Amino acid sequence: MRVLAFSHYVDLALELISAGKGLGEVSLIVTSDQEGRIGEIRGADEILLCKELDSGDQEGLVELISGLGSEYDVVLLAGDRRGRELVGQVAHRIGASSAVDVSSLSAEDGKLVIERMTFGGKAVAVEELNLPAVISVQKGKFKPLEEGEPSVREISAPSIDRRIEVLERKEKPKVGVPLDKAEIVVAVGRGFKKKEDLKLAYELAEVLGGVVGATRPLAADLKWMEEEVWIGISGVRIAPKLLIVVGASGQQQFAAGIMDSKVVVAVNTDPKAPIFEQADYGVVMDLYEFLPVLTKKLRELKGG
Amino acid sequence: MADFDVIVVGAGPAGSVASYLLAKEGHTVLTVERGKRPGAKNMFGGRLYSWSLEKVFPEFWKEAPVEREVTKEVLGFLHGDRGLEIRLSARPRGRSFTLLRAKFDQWLAEKAEDAGAEVISGFKVEGPLIRDGRVVGIVAEGDEEMEAEVVIAADGALSFMAEKAGLRPRLSKEDFAVGAKEVIELPKETIEDRFGLSGDEGAAQLYVGDLTEGVVGGGFIYTNKESVSVGVVMRIGSLASKVSKISTAMWEITEKFKSHPLIRRYLEGGKLAEYSAHIIPETQFMRGVRLYTDGMVVVGDAAGFCVNYGVTVRGMDFAIESARAAAEAVHQALESGDTSAKSLSRYQEILSSGMLREFEAARKAVDLMEDERLYTSIPKIAVESLEHLFSVDGRPRESLYSFVRKEFSEEGISLLSALLLGWKALRSM
Amino acid sequence: MDIAVLVKQSLDVQELRVDQDTGKIYIEDAPTKAGDIELNATEEAVRLKEKLGDKAIAVMLSTWGASGKRQKEAREALTRVLAMGLDGAVLIMGEGAEKGDTYVIARALAEEIRGKFELVLAAEGSEDNFSGLLPARLAAELGWPYVAYATAIEVEGDHVKVTRSLEDFEEVVRVKLPAVISVTQEINKPRVPKLVEIVKAKKKPLDQKDFSPPDEPKLAIKTLKVPKVERKQIVIEGDVEEVAEKLVQALREEGVL
Ligand SMILES: Cc1cc2nc3c(=O)[nH]c(=O)nc-3n(C[C@H](O)[C@H](O)[C@H](O)COP(=O)(O)OP(=O)(O)OC[C@H]3O[C@@H](n4cnc5c(N)ncnc54)[C@H](O)[C@@H]3O)c2cc1C
Ligand SMILES: Cc1cc2nc3c(=O)[nH]c(=O)nc-3n(C[C@H](O)[C@H](O)[C@H](O)COP(=O)(O)OP(=O)(O)OC[C@H]3O[C@@H](n4cnc5c(N)ncnc54)[C@H](O)[C@@H]3O)c2cc1C
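Protein chains in written order, with my numbering: chain A, 362 to 665; chain B, 4 to 432; chain C, 3 to 259.
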């Protein structure tokens, strides 16, 4: 099978190569802004270097990948927002099947069989995709390969009739320890009354040596977190050994992001909150009352 | 001109039946339900006596989502981990069906919709809209006003509509009982096997005994098609004085009931599908309720038409019948163009010549069931006496008569009053 | 400039029951509704239309067959968005639609949209599937530009200015109309319709059409599995000090401290 891969993020591209190698030969598209990192790329058979295109140009990418795509059986993209934005457009342009956020993939009888979460994480769909197929791969599911120096071939960018113009781009603050790699996470929800109160969670995370994550409303809507990163189906899926969920109701879309956690603790004033069904240990209590005491106890433990 | 001829608050059985009948007469009807869908929030034990709904929809069971027709009645006494069951296998007069409210209420509401009523769910009504001492509509959530010639309060046991319209006093905890119920899924064959049923036959099983720790109340099991409804009913008044948290107490007692050896064998291997709790109006408070005022009538649980027999509750049939009477009175009032209290008093008249007699009788029976000994001493004596009767271990035995007499005197009950109690209990059930 | 809002009839995943032991998923029993993010898309359409004075129409292609229950739910979902201020709705429904993949659905929707609308608003992902594939495919089918993850939209003549939120930056782009744009939950706060608006919404034009698949789907669902997540669900009771103590103890025993 011939596989074409691309990601806006070189780190994710490495995961795509790994996923693609299970299927066959992998060609990776590298854009001008990524050229400097070519040396880090392992495992791909070939690098298609397009010096005329920047990874910030979504329209250009749709055109480039759709143009190349018809020569491949499978196109792999990454599960970040821009990666996902490309999937449907490219698939439709080349008349391919499609799926996003795929957690496993294999070739069977001339089809691509994939698994992905559906129904807000309550089910996993096993789907059989006709070839060609365009899919995005879930982050963190495939380990980058260490071996294999790819050959490099330069390609040119197709000319396009541009209809989208980027006027402005504002960087968001960078994330410290990424949530999906953290061993201990304190997840906060709308149970916190104001931004300053998050201090209680940061203190708890600090004694535990963990990081603070949030539900979507807190991060994306209220923007109480320094970084706009949230846990869940539309955000990050985490897999810490300890997760303490504080003041979050545990709606399905959030719950989908915490399923791989080893031990889950929930603190919520509402005994009927769905989060308690997803927790190993439940504390039905006001977080303002409980967190300071817990933090104090843990501090004593760590200190002595 | 008012926005609607009639606004009905609540799409439980009472609300939907009233909506259906009035829409069918050609009146414009708006039905407002707080739950996400009709029935979404509603629960009950499990049995509908069909007499009243039959008058609205003859042979409704052929079409409505009912579960099973009750053909087996069981009365059980529990004491410690022992128990006694009395099984009546006969078709009593009048049909009754087990059902699940989520489906059934939705069906009834659809009937109302098909007849032309606008049924809107997910909207809470805050109270009646009152102008110059007359109810002229409703105030919906977000302070929105909506006018109607007549408002029908079918908003259930807590009825803020009736309270805010001054039709009933503010109620306290003591005016209610509580019920908790679980729906436990089991394969159809397992249910038929364990309860001795075939086809669409169903069982209704009631239990009294020490599980409620002296509180008036008991446990029930109703069989559905592929699940059983299991739960307990208890009087809050007596409960409130004993435990601080009613909801945890209800849950614990339900658990205790389910794990009793006699009950457990019915449920083994089943899967919990839902848990719910609800309040039940106690019949005493009815004494302070008025059923109508200018521009408004009250039906169903909101009017207190619910009888709590201690172990079992009956209210659906009364809710439906009262809604039917109200619909008739409201229809006449709308036709005559007079929706004053005087005109709507027809509602009470219709009830007085019909349902109220049945309701009064049922309520009298309840007064007899008040005796706490029915829930403590009687089950104990019944279980221990039979245990005594069937115990053979080669040692000389006391006669059953003297054993029973001793049991009674231990419980401080004379034989005569025991007989009376038994007789009353039988009569009231 | 007329606006189409794509409103998906989503399974209410919160109410969807799955059995972890038997792997059974009770899809038929679960209710459906308009997805939450579709309400954001509707709100945005209503705001734009209030400024532009044109029409905004909901378009729903139901993928749950055509049973009475699903029809009723579809109409209820549309009533809900109509009550928010849309001018009308198109409901496309029929047996066979449940087998349609995003390729088939996008093609069928394009038929309804082409020539009638200049702006299509959609949710970044549907509530039950959250793939975001449909608006992207629809744009490709129509040959229109596509911008996802919008957190603000402004119309400027025959262009729209869209602010969009990506993982590590925020972008402002200018897009030539006609275009397809998908929005996030953060773009606005959907208005809650009043009772009277719901009553009126039931009288707004709702055009129901039969679905006929324009082509064969390109994928098939083989199975749906239920992931097993086992949680102890122990509720720790006591006063604050006791609970904290017991929790720390339990976490130590788990070896996660
Ligand atoms: C398609 C789609 C995708 C989505 N994706 C995501 C996603 O990826 N991630 C995500 O998080 N959400 C997502 N959402 C939103 C999600 O549905 C919920 O709205 C969100 O998770 C709720 O966040 P919350 O728990 O912080 O807030 P709420 O649901 O408001 O819960 C707050 C909780 O705090 C408790 N509380 C209040 N006060 C206290 C106190 N003093 N002490 C203790 N507890 C207290 C309350 O009892 C309540 O349970 C998505 C929604 C849709 C439609
Ligand atoms: C544990 C238990 C067991 C029972 N067992 C039985 C039994 O086996 N057989 C039997 O016949 N009866 C039984 N009952 C009693 C029966 O459930 C009630 O009598 C019956 O439901 C009354 O019907 P209703 O329409 O008056 O009120 P409800 O069924 O309570 O309906 C009221 C409706 O109004 C809605 N509502 C309330 N407030 C508002 C508002 N402000 N705005 C909008 N909508 C509102 C509610 O959501 C609800 O849908 C039982 C009750 C309980 C609690």
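Simulated from the structure, these hints should not be mistaken for lab results.
These numbers come from a predicted model, not from an experiment.
Ideal Cβ positions, reconstructed from N, Cα and C, are used throughout, including at glycine.
Just so you know, not all the hints are guaranteed correct.
[Said to hold, decoys possible] Label-pair restraints from in silico Cβ distances:
hint, chain 1, residue 1, chain 2, residue 2, range
1, B, D135, C, D38, 36 to 44 Å
2, C, E113, A, K602, 30 to 38 Å
3, C, E243, B, P264, 36 to 44 Å
4, C, K227, B, P172, 28 to 36 Å
5, C, T225, B, R360, 21 to 29 Å
6, A, K584, B, D135, 46 to 54 Å
Do the hints match the structure? See the list:
no. : hint                           : result
1   : B:D135 with C:D38: 36 to 44 Å  : holds (43 Å)
2   : C:E113 with A:K602: 30 to 38 Å : violated (52 Å)
3   : C:E243 with B:P264: 36 to 44 Å : holds (39 Å)
4   : C:K227 with B:P172: 28 to 36 Å : violated (56 Å)
5   : C:T225 with B:R360: 21 to 29 Å : violated (60 Å)
6   : A:K584 with B:D135: 46 to 54 Å : holds (51 Å)
Consistency note: the structure conflicts with the earlier hints numbered 2, 4 and 5.
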